[in-house]
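Undergrad: Listed below are the residues making up each chain.
Number of protein chains: 4
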Amino acid sequence: MAKFKGLAMLGIDNIGWIEKDIPKVGPGDALCRPLALSPCTSDVHTVWEGALGDRHNLILGHEASAEVVEVGANVKDFKVGDKVIVPAITPDWESVEAQMGFSQHSGGMLNGWKFSNGKDGVFGEYFHVNEADGNLALLPPEIDICDAVMLSDMVPTGLHGANLAEVEYGETVVVIGIGPVGLMAVAGAVLRGAGRVFAVGSRSKCQEVAKYYGATDLVNYRDGDIVDQILDATGGKFVDKVIIAGGDVDTFDVAVKVVRRGGIVSNINYLGTGEYIKIPRMEWGLGMGHICVIGGLMPGGRKNMEYCSQLLVHGRLDVSPLLTHRFDKFEDLETALVMMKDKADDLIKPVVKL
Amino acid sequence: MAKFKGLAMLGIDNIGWIEKDIPKVGPGDALCRPLALSPCTSDVHTVWEGALGDRHNLILGHEASAEVVEVGANVKDFKVGDKVIVPAITPDWESVEAQMGFSQHSGGMLNGWKFSNGKDGVFGEYFHVNEADGNLALLPPEIDICDAVMLSDMVPTGLHGANLAEVEYGETVVVIGIGPVGLMAVAGAVLRGAGRVFAVGSRSKCQEVAKYYGATDLVNYRDGDIVDQILDATGGKFVDKVIIAGGDVDTFDVAVKVVRRGGIVSNINYLGTGEYIKIPRMEWGLGMGHICVIGGLMPGGRKNMEYCSQLLVHGRLDVSPLLTHRFDKFEDLETALVMMKDKADDLIKPVVKL
Amino acid sequence: MAKFKGLAMLGIDNIGWIEKDIPKVGPGDALCRPLALSPCTSDVHTVWEGALGDRHNLILGHEASAEVVEVGANVKDFKVGDKVIVPAITPDWESVEAQMGFSQHSGGMLNGWKFSNGKDGVFGEYFHVNEADGNLALLPPEIDICDAVMLSDMVPTGLHGANLAEVEYGETVVVIGIGPVGLMAVAGAVLRGAGRVFAVGSRSKCQEVAKYYGATDLVNYRDGDIVDQILDATGGKFVDKVIIAGGDVDTFDVAVKVVRRGGIVSNINYLGTGEYIKIPRMEWGLGMGHICVIGGLMPGGRKNMEYCSQLLVHGRLDVSPLLTHRFDKFEDLETALVMMKDKADDLIKPVVKL
Amino acid sequence: MAKFKGLAMLGIDNIGWIEKDIPKVGPGDALCRPLALSPCTSDVHTVWEGALGDRHNLILGHEASAEVVEVGANVKDFKVGDKVIVPAITPDWESVEAQMGFSQHSGGMLNGWKFSNGKDGVFGEYFHVNEADGNLALLPPEIDICDAVMLSDMVPTGLHGANLAEVEYGETVVVIGIGPVGLMAVAGAVLRGAGRVFAVGSRSKCQEVAKYYGATDLVNYRDGDIVDQILDATGGKFVDKVIIAGGDVDTFDVAVKVVRRGGIVSNINYLGTGEYIKIPRMEWGLGMGHICVIGGLMPGGRKNMEYCSQLLVHGRLDVSPLLTHRFDKFEDLETALVMMKDKADDLIKPVVKL
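One line per chain: the protein sequences are A, B, C and D, in this order.
For the first sequence, the numbering used here begins at 74 and goes up steadily by one.
For the second sequence, the numbering used here begins at 74 and goes up steadily by one.
For the third sequence, the numbering used here begins at 74 and goes up steadily by one.
For the fourth sequence, the numbering used here begins at 74 and goes up steadily by one.
The shape of chain A in the complex, shown without the other chains:
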């Protein structure tokens, strides 16, 4: 049986290159080879924080653009040689959860997330895609294959934050955390018509790019209490929406304290520790302030990829400022992943073009 090489989690704190059998393709599935790849902070959580528990020889990665190399007998819309966008989340579309509009949770909490979680990820010479007709999207020729990698997770996650926050014309939005996902949340808020946008973060490269994506106010926790800084800037007026793209369970305390009654706090940040999310009772209106608190994994699948990609095709969104570090050999993937862990000051995302 043919083998392929991939960059894997060997165990907690331990990555390395391994060989595996090329996966079999079921009647609705596809086999792809990556064209470009990018590591995600989730890969860092998986390996160096053991977020998914101790996994052995699990090929990492869920951000890729790719070429189709094999399709199952029932696949109708994709053929060998097609260049495709690959979503990080590849749901089971027949599931009741998907029918309810929560395909991310098909078969259980977060179970739409399969790459480098339920099965091997995309950091191999080949990777397997379940339900190809539902989970791949053709790469429009206008989109660069490195830019396309940002469509796997960064763009849809950031935009999902703005969607959960139901940002409307002219609203004031706070985005807490301006790593790549937070930056896409800034862009997403502006793309939904936000007026004033506060970007909360301390790294100068991220601040610069936040401005590029339309942030009007930068807030740095080193300059004092975040709540005070925001309410000072607004003259004491609460903001309409908060998108949490960084921090931890305490960040909700900040969010609820700056948001108006009838506002929304939307979370797209993985919360790794802490027993309880902290919602301050008083500012939450003693239970009656109509402040909605919600968080969610990005929607996966083909439809979302197709629509997100239109933003790039028509020049509404330029993701290239996210790609601060570029590599061009498969082997550089390891460097890129470690880079994501070490998060240098000038890093947003590294990308490896194959």
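Any given hint might turn out to be false.
Because identical chains cannot be distinguished in the list, a pair is counted as satisfied if it fits within a single copy or across any two copies.
Stated by the list, open to error - Only pairs whose alpha carbons sit at most 20 Å apart, straight line, appear in this in silico EDC-like list of lysine to aspartate or glutamate:
1) Lys310 with Glu215
2) Lys310 with Glu379
3) Lys149 with Asp102
4) Lys152 with Glu198
5) Lys310 with Asp150
6) Lys284 with Asp391
7) Lys426 with Glu404
8) Lys76 with Asp102
9) Lys278 with Asp290
10) Lys192 with Glu143
11) Lys416 with Asp321
12) Lys416 with Glu122
Don't read these hints as lab results, they were simulated from the structure.
All of these numbers come straight from a predicted model, not from anything done at the bench.
Dock chains B, C and D against the given chain A, drawing on the hints supplied.
TA: Showing chains B, C and D alone in chain A's frame:
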């Protein structure tokens, strides 16, 4: 200047009858005299828990049906002698908050609540209604004046819980707390098409009435852990929605642990103590489970009263089982209020018909 | 190859019993045999009005409860011997349309409708179900197998009408047309909390059952203009919502003339003739009255069946009054179908139990 | 009693300057003097098409920025000397319609529109504003007083079109009609995250500005059938949403023929003639295609003005390209109005700065 008598909070833990000047009626306002009155658990919080701080000589009460005795020059839709439903919440309709759909918070958090909060309540021989055209509703002749008192707060609050929970056909709903508001949440869930409805409460009278309103399963915390009882009953399946109508900040822990991804936890319970609402991180999907947590004060004003009253007019909802204790003298109001504090086993709501 | 018998459209105006090969079951599919069957007015349209064009040897029917007799290798949730509810609409769940929430139109307008349209229907000794995990639902033991047939189309279509109309507590709703679908729209409106419900229809059996399902006012076109009758009854006040479950393109003229600004006209009726739906310009507010006009095919699939069935399990909805005529032999299906065409005064739905 | 001068409709086809008594200010009202004014196509309809019937000595105009010169005793948030944005639509906020979210129709269909309709308009030395706290908004100092006039009607109407169409990220949107309202609908679609945007119109100045606001494709009816042109450009794929900002009752035929199942046709165009809006039955899915058709007058009032203005303050929207012709004397208003009637090739909007 003419005086009137009313039952007031004299200070914390202290109620009594006082006299006040009959309030002046502005151009858009009305003066009413009650036809029937009911004390609310909120009155108990106000007096015996000092929920609003130490108030002196504040006339209590926000549940009444009434007759109009005077109207301002600009009032168009009401005239002296009209019998009316009076909502507990009487917003400022020109406010930006009302224009945003959150009239409850017109002018500030919960500030649409004026009776026995921002001004004297309805437990007087007379009471003042701001913006009468926007805040009164004609009492349909089909509705009994005692039943009508339940339209001030119990019915719209319970129904608001089911609305916030966005209950849909066939859903499984848990209602935690089955005092009068929780019972109306049970009725509200059924009226929005719920299938299975769990009612969580321990008082036998309330359980009996919960059944009447359509609860299919009764859960008593004395019989063991609530989460276990519910998940046992469903065979481990999560429920669709939870409406919290009792308990405290810890109740959210229970709610999130029984609700599905994409579900909603809706709170209509006044939360008097505790620094933080407790949302369990794991069951909240590590921040990404799409479990919406929201709580809110009932919408006030005329429109809501008119629509809620149609449920009584057309026999969709019978509130009389809530009225377990009936009085017929203004002076009995004091007994009724103390009764609400002491909450005897067979009590749901006392009502005083004048 | 094994054969089976079924009742087919041989051509326009022509039905008869034919034999076909038992269909092959793909990896995700199932083969079922019916337990109970019912003809639908759509079958009548198909055969006697040629609504789908001239079809030859197409087995009819899309309303059935059934038993699973074979499943494909990839089917996880159903096994041979399971008793199931079968939706009339069995979408392709991987399609982009399904991912957008419009599974009814997977692969094209109305293409989620496959039985007796894209393939043979359920009026055979066997029938084929595509994507079984997504399109079947276990029949709860509490539900009678004849009642279950109403879950295929009548219940979900009627309820979809009330859903599209976004019926809210206390609203006044008009249902135009009270055949079985309209009756379920009446029930659906009441189950979503409607107050007053007008049922427009002329057959006395249907009127009687409309009352049973909660209609408060009956309107008969023989008694005069429908618009006049409704506005007279309301004292000139517009109604909140209209659900169209009968009539033709002119019926929208009536609907828009009785509905309020901000109201909704929801159509669940197959419109067989006429070039244009007629929306009266003046009453539609010269284009600016915020009267939403929408129509749609019922959502198919497992989730909808599961949730609809809960209404029967928990006694929220009793469909047995729809089943006015009962048969118990497969051969009676022909009589039942002709009966549906001839629509006797006392007929709502015939059902054949096998 | 003091008099003031204004430009009025004297009768159909007849305008002129008249004198009137300065209106009295009720307790909640304000008196304003304009800072800048613009005529609207609605003024043209009113005078030269008699759209509101034959009116005599009605002062025209509903687009203005202004200064407050007097306020009633109950006005809390505005004082003499404040510079304000004035919405074209100034609802009665206590009305049931406003409480339902349809303030435009407070007191009856379109009755939130008062200027130059229910009372004198803004084309006078003074004009009266009802419910000032609810209907004025402070002019942020960052906004030019001529730009501010576009906030009265053009911006909120165009954006309302995109809101009714519920434009989402990456969607393909067609805007039919690219006068000033249509141009703001193009901008509104882009501001809500549209991908591809078709602008349908023939005037070259408007096409140029449509491109500026983000239209990706221009369609001219002179180049052939609009439906064909659009479906050719998309390769036969239906578009997601259509916003109608021009044309007549036949335009809906075009719109429904290009939109997908589950799409929305949103109208913001005044429909002056024709008995019925024409919805083509086949393409509307025989009544079951889930194509929503809705149209509505812009929401008025303070909240909408405040939020729209934030788009200008933060540089999300630049309205100056709309202002193709500028005047600086009150008397020029007559020229500007006639210009709006004659609609020269290079005209979008004239504005008069006082």
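Undergrad: Now tell me, hint by hint, if it's right for this structure.
TA: Hints, one by one, checked against the model:
For the identical chains of this complex, Lys310 and Glu215 are inter-copy neighbours only, at 19 Å across copies versus 43 Å inside a copy, given an alpha-carbon limit of 20 Å. Proximity of Lys310 and Glu379 under a CA criterion of 20 Å is satisfied inter-copy only: 13 Å between copies versus 38 Å inside one chain copy. Taking the closest pair of Cα atoms, Lys149 and Asp102 come within 20 Å of each other both inside a single copy (10 Å) and across two copies (17 Å). In this assembly of identical chains, Lys152 and Glu198 lie within 20 Å of each other by CA distance solely inside one copy; the values are 18 Å within and 38 Å between copies.
In this assembly of identical chains, the alpha carbons of Lys310 and Asp150 lie at most 20 Å apart only when taken from different copies (15 Å versus 51 Å within one copy). For the identical chains of this complex, Lys284 and Asp391 are neighbours both inside a copy (13 Å) and across copies (19 Å), given an alpha-carbon limit of 20 Å. Taking the shortest alpha-carbon separations for Lys426 and Glu404, only the intra-copy value of 11 Å comes in at or below 20 Å, while the best inter-copy value is 66 Å. Taking the shortest Cα distances, Lys76 and Asp102 sit within 20 Å of each other inside one copy (19 Å), while across copies they are farther apart (33 Å).
Proximity of Lys278 to Asp290 under the C-alpha cut-off of 20 Å is restricted to the intra-copy arrangement: shortest distance 15 Å within a copy versus 36 Å between copies. In the homo-oligomer, the alpha carbons of Lys192 and Glu143 lie at most 20 Å apart inside one protomer (18 Å), although the nearest pairing across protomers, at 30 Å, exceeds that limit. When the C-alpha separation of Lys416 and Asp321 is checked against a cutoff of 20 Å, the pair qualifies only within one copy, where the shortest distance is 18 Å, while the shortest distance between copies is 42 Å. Taking the shortest Cα distances, Lys416 and Glu122 sit within 20 Å of each other inside one copy (15 Å), while across copies they are farther apart (52 Å).
Hint violations for this structure: none, all hints satisfied.
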